[in-house]
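> Sequences listed follow chains Z and H, in order.
Residue numbers for the first sequence, in my numbering: 1 to 563.
Residue numbers for the second sequence, in my numbering: 1 to 563.
Since the hints were derived computationally from the structure, they do not count as laboratory data.
All clues given are correct.
Copies of the same chain are indistinguishable here, so a pair counts whether it falls within one copy or spans any two.
Straight-line distance between alpha carbons at most 30 Å, and here's what the computed BS3-like set of lysine-lysine pairs gives: (1) 184 / 5; (2) 422 / 347; (3) 163 / 26; (4) 500 / 432; (5) 422 / 477; (6) 184 / 26; (7) 170 / 26; (8) 500 / 267; (9) 427 / 547; (10) 138 / 173; (11) 267 / 228; (12) 353 / 500; (13) 340 / 138; (14) 173 / 26; (15) 163 / 173; (16) 500 / 356; (17) 138 / 163; (18) 138 / 170; (19) 422 / 387; (20) 517 / 478.
Bear in mind the structure is a predicted one, so any value in this text is a computation, not a measurement.
2 protein chains.
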Amino acid sequence: MTTLKNVWIYNTAYRAFDFGSLEFDKTITHVERQFEEEGTGAYAIIPGFIDIHMHIESSMTTVSEFSNAALPHGTTTIVADCHEVANVFGVEGLQAFMDLPSVLDVFYAIPSSVPATSAELETSGGFIDSEQVIQLCKRDDVIALGEIMNANDLFSESPNRTKRIIETFKACKPGFPIEGHCPKISGEQLSRFIAGGVDSDHTEQTPESIREKISAGMFLEIQQKSVKKETVEALCDEYLAGKFCFCTDDVMPDVLQAKGHLDAVVKQAISYGMSITEAIYASTYSPAMRMRLFDRGQIAPGKIADLLVIDDLETLHIKAIFKNGVMIYDSSNGLVTPMKLPLLPEKYLHSIKRQKIGTKDFDLSCPDGKHDILIIEKDSATTFTRKGRQSVMVQDNAFDFFASGLNVIACVERYGKESPIKPAFLKNGLKKSGAICSSWAHDSHNLLVLATSVELAVRAVNLVIENQGGIALVDEKKESFVPLAYGGIVSLEPMPKLAKRIEGVRKWLQLHGYEAKEEVMNFAVLALPVSPELKISDKGLVDVLQKRILDWRTYWNEEGKIS
Amino acid sequence: MTTLKNVWIYNTAYRAFDFGSLEFDKTITHVERQFEEEGTGAYAIIPGFIDIHMHIESSMTTVSEFSNAALPHGTTTIVADCHEVANVFGVEGLQAFMDLPSVLDVFYAIPSSVPATSAELETSGGFIDSEQVIQLCKRDDVIALGEIMNANDLFSESPNRTKRIIETFKACKPGFPIEGHCPKISGEQLSRFIAGGVDSDHTEQTPESIREKISAGMFLEIQQKSVKKETVEALCDEYLAGKFCFCTDDVMPDVLQAKGHLDAVVKQAISYGMSITEAIYASTYSPAMRMRLFDRGQIAPGKIADLLVIDDLETLHIKAIFKNGVMIYDSSNGLVTPMKLPLLPEKYLHSIKRQKIGTKDFDLSCPDGKHDILIIEKDSATTFTRKGRQSVMVQDNAFDFFASGLNVIACVERYGKESPIKPAFLKNGLKKSGAICSSWAHDSHNLLVLATSVELAVRAVNLVIENQGGIALVDEKKESFVPLAYGGIVSLEPMPKLAKRIEGVRKWLQLHGYEAKEEVMNFAVLALPVSPELKISDKGLVDVLQKRILDWRTYWNEEGKIS
Numbered sequence: 001m002t003t004l005k006n007v008w009i010y011n012t013a014y015r016a017f018d019f020g021s022l023e024f025d026k027t028i029t030h031v032e033r034q035f036e037e038e039g040t041g042a043y044a045i046i047p048g049f050i051d052i053h054m055h056i057e058s059s060m061t062t063v064s065e066f067s068n069a070a071l072p073h074g075t076t077t078i079v080a081d082c083h084e085v086a087n088v089f090g091v092e093g094l095q096a097f098m099d100l101p102s103v104l105d106v107f108y109a110i111p112s113s114v115p116a117t118s119a120e121l122e123t124s125g126g127f128i129d130s131e132q133v134i135q136l137c138k139r140d141d142v143i144a145l146g147e148i149m150n151a152n153d154l155f156s157e158s159p160n161r162t163k164r165i166i167e168t169f170k171a172c173k174p175g176f177p178i179e180g181h182c183p184k185i186s187g188e189q190l191s192r193f194i195a196g197g198v199d200s201d202h203t204e205q206t207p208e209s210i211r212e213k214i215s216a217g218m219f220l221e222i223q224q225k226s227v228k229k230e231t232v233e234a235l236c237d238e239y240l241a242g243k244f245c246f247c248t249d250d251v252m253p254d255v256l257q258a259k260g261h262l263d264a265v266v267k268q269a270i271s272y273g274m275s276i277t278e279a280i281y282a283s284t285y286s287p288a289m290r291m292r293l294f295d296r297g298q299i300a301p302g303k304i305a306d307l308l309v310i311d312d313l314e315t316l317h318i319k320a321i322f323k324n325g326v327m328i329y330d331s332s333n334g335l336v337t338p339m340k341l342p343l344l345p346e347k348y349l350h351s352i353k354r355q356k357i358g359t360k361d362f363d364l365s366c367p368d369g370k371h372d373i374l375i376i377e378k379d380s381a382t383t384f385t386r387k388g389r390q391s392v393m394v395q396d397n398a399f400d401f402f403a404s405g406l407n408v409i410a411c412v413e414r415y416g417k418e419s420p421i422k423p424a425f426l427k428n429g430l431k432k433s434g435a436i437c438s439s440w441a442h443d444s445h446n447l448l449v450l451a452t453s454v455e456l457a458v459r460a461v462n463l464v465i466e467n468q469g470g471i472a473l474v475d476e477k478k479e480s481f482v483p484l485a486y487g488g489i490v491s492l493e494p495m496p497k498l499a500k501r502i503e504g505v506r507k508w509l510q511l512h513g514y515e516a517k518e519e520v521m522n523f524a525v526l527a528l529p530v531s532p533e534l535k536i537s538d539k540g541l542v543d544v545l546q547k548r549i550l551d552w553r554t555y556w557n558e559e560g561k562i563s
Numbered sequence: 001m002t003t004l005k006n007v008w009i010y011n012t013a014y015r016a017f018d019f020g021s022l023e024f025d026k027t028i029t030h031v032e033r034q035f036e037e038e039g040t041g042a043y044a045i046i047p048g049f050i051d052i053h054m055h056i057e058s059s060m061t062t063v064s065e066f067s068n069a070a071l072p073h074g075t076t077t078i079v080a081d082c083h084e085v086a087n088v089f090g091v092e093g094l095q096a097f098m099d100l101p102s103v104l105d106v107f108y109a110i111p112s113s114v115p116a117t118s119a120e121l122e123t124s125g126g127f128i129d130s131e132q133v134i135q136l137c138k139r140d141d142v143i144a145l146g147e148i149m150n151a152n153d154l155f156s157e158s159p160n161r162t163k164r165i166i167e168t169f170k171a172c173k174p175g176f177p178i179e180g181h182c183p184k185i186s187g188e189q190l191s192r193f194i195a196g197g198v199d200s201d202h203t204e205q206t207p208e209s210i211r212e213k214i215s216a217g218m219f220l221e222i223q224q225k226s227v228k229k230e231t232v233e234a235l236c237d238e239y240l241a242g243k244f245c246f247c248t249d250d251v252m253p254d255v256l257q258a259k260g261h262l263d264a265v266v267k268q269a270i271s272y273g274m275s276i277t278e279a280i281y282a283s284t285y286s287p288a289m290r291m292r293l294f295d296r297g298q299i300a301p302g303k304i305a306d307l308l309v310i311d312d313l314e315t316l317h318i319k320a321i322f323k324n325g326v327m328i329y330d331s332s333n334g335l336v337t338p339m340k341l342p343l344l345p346e347k348y349l350h351s352i353k354r355q356k357i358g359t360k361d362f363d364l365s366c367p368d369g370k371h372d373i374l375i376i377e378k379d380s381a382t383t384f385t386r387k388g389r390q391s392v393m394v395q396d397n398a399f400d401f402f403a404s405g406l407n408v409i410a411c412v413e414r415y416g417k418e419s420p421i422k423p424a425f426l427k428n429g430l431k432k433s434g435a436i437c438s439s440w441a442h443d444s445h446n447l448l449v450l451a452t453s454v455e456l457a458v459r460a461v462n463l464v465i466e467n468q469g470g471i472a473l474v475d476e477k478k479e480s481f482v483p484l485a486y487g488g489i490v491s492l493e494p495m496p497k498l499a500k501r502i503e504g505v506r507k508w509l510q511l512h513g514y515e516a517k518e519e520v521m522n523f524a525v526l527a528l529p530v531s532p533e534l535k536i537s538d539k540g541l542v543d544v545l546q547k548r549i550l551d552w553r554t555y556w557n558e559e560g561k562i563s
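Given these sequences and hints, build the entire structure.
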């Protein structure tokens, strides 16, 4: 039994602090609140933060190491949607990943779009349909269906995988939340999305979308990019407490290390004018209620003693952390006992099933003469990519693409099919000579390569194959490599080391002229064929909206006929 | 598909009304909210009322007839704790009762104190322990564990039925609510009660108990007796929305008919200053969330179309009601299709297993001389009963008790044991000659009789036995009878007829000088041996707090030795 006396205790019901004392062992046994008295305690006690929409693989790490990295920031419970591991390994590897130990509590949402597209558009490693949902629902740590992205499936009259998965989940876990992803959907379409059973959204919000979606019964999960002055104002409406929470969605390793986790989102909201007591509510109680985690999220009898001892409410600085009533962290010494990663089965560490490639595998040949070719036009502010048109003059079946302001881009299939490589061109990529190849390339995690020459591309891809997964950086002078051993997407290294490596990748991209808000993620989603408008997969260029493969050589000539 | 245009639609998220239109079939398909526009609609649409703590048997009727009676008052969903039927018939009869059809949605909480005492203190018909909980949990309509009353069981270190039942329920229905009954419990005891797993309370509250209990994580179900000026003020704190709801607990038939159902509680709260928009929240959304009824309680896409069309927001007058999208009531014509009661198995209609009795069965003999006897002293303001002391002068083994200001009281066992009758005396009962006997006598529903003479008592008891359950009223001039055929506690008659009969009982009690706030219930709980301090059971006088049977002849003589 631990007792904390003369402290300020967060009162979830009244969204305020009471002076008093607190007793707990694994759970809280008693809270003595001196409602009327003024106190002089140095510490404030708040519940541990709860992040209910996030992808561990965005931090390129295991559950165990994520626990080490996120706990010191006060995150004591997460609900993870391991969409990436599922895409690489399917349910077997997903479950092996889920079984890894951690100190913070990890619950899971079933990835609902594995793969997000079809075998016609890309090759992936995993597959989730009703049968896999039934299997995963047998686990007690599965408490939600992960973000439903394909709104059109919900609107369709005919049976489809999305509807099957929702029905199966409802039958296996009645009353459990079904999470959504519905950017820019509104009006009757929004109603149909919600009536389809999906009643949360974590995409970027505006004051208008907040009002419409919450009025329509949605629960909003507010990630950092939604935390702006005007959205925070909208959320501060006194009526909205409990109707939204904060979440992280994706946090890159170096960002996690340098800037923090859910605490960073909370602090940003406070900096835009949300009161600290409302911000705590939205990062503890509200997410717990959304996930039906009735055993936590407030400091009250019977609740799990996940407690943050705050020594400065202005900065939310954490002095110490109790998890299940045990002090597991203090700010002077860090974690008492960091998690160690157990030995992992070899099969998950040797998953890049591809023979080394050569320059002849990159067929960029083209008939001689002047052509308009289809290129990916990258945007520097967003992850949007446009269908570009560029005139090139071909001689001897080739042209100097780098001199024309282009990079070669390809997604090399890595699931053992040895599929022919289908390279294409990208504008606004690397401006200095070099190549980057990554097996962390959403969602299918084939080997995405971007290069200023075919030779460099081949070297980068082969580095990733040799090392069985990771990120290769190659230029004339030197090469470097970030190992991502687990499925080619997750590092087995400690977070500080990994963070430094990813910072290195980011700097390399910057040095090579790759412009983006978040360079590493921006590069990785060039392979994501559900995000508009033109992406690369192992099958070639993907027209995202029309769901078809395009030929860069002929597209503009035939455009009139096709579209 | 039904469309309601140009109406004011309750916005649960913002606790306000928006002008707009509404489309629904069985569920709501679309809500068009014109956030910025002023409208001129005549009607306001609000969700149906949800009553999550109530006992149907308090209205002495079946689920089916209750549905007919409560629906016109806007109650579209109830969570019933059929504690009384369970006490009479056990799980078999309970399930038969639960299987009766209704138009409003009925969910069930498992009665958790059946019987509330032990076989030493009274004879009852039903029994619920782990095994019965497992059986009942197989039903989808069972969504809660009903009010846990025995706080001492929770505090005890040793195993007991209450703890077993809670553990069993948690295992069978993880995450489902466990309801509580904890009047006057506070401080560390309250913490232990809540930590025991019970986190709601529906007993009478004060502003202080509201603050303490809600701060401790409890959900409060506010019944009419808690709706006072000062408690409503406490509940109107902007932070407390969602932390409490309104409920009815017990509504007698004549009160239901004359004053309404949950709507009456809502209107009373409004009369004490709660805004109508907050009162609607607390009678629709908040109770739905407490019971994890995520499919209802707000007007939003995908939710069940249980809708009240209000034509006067001041009086909350209901113009029409839609249940599951179908108009089932309008104020001019009443219910479109009232429920008809199906044929009930005979065994539940012949449940008074007792041979007729005679005056010799009432042994009130006493040794001659002056004695101090133990009597029940009834209070007229509450249901509290005190241990009274009265000097009587006995001649020929008897005394004229009515002349001494006393009534004879007895609880005649009716479960086939033919147990000897153990009569005693009560002060402040009937002041005019007469007898009342009722098989509706909480919680065990033996035949409770109160009379000014033994002869009248015998006549009243025999009337109830002959008619197989009900309430008999007897005096020198005439006798009347209210049949309660189902288990002796539930009427098969239509509510208007039953209400009139119960009004008759109430008037009879008033005419005979029986003083109480709620005469019929006050009488019935004279047999309730869990409500302090001295009650009557078939075993005799029950010392409620010390859980023992007392002898009225010897108690005061032996008091020094016993207590």
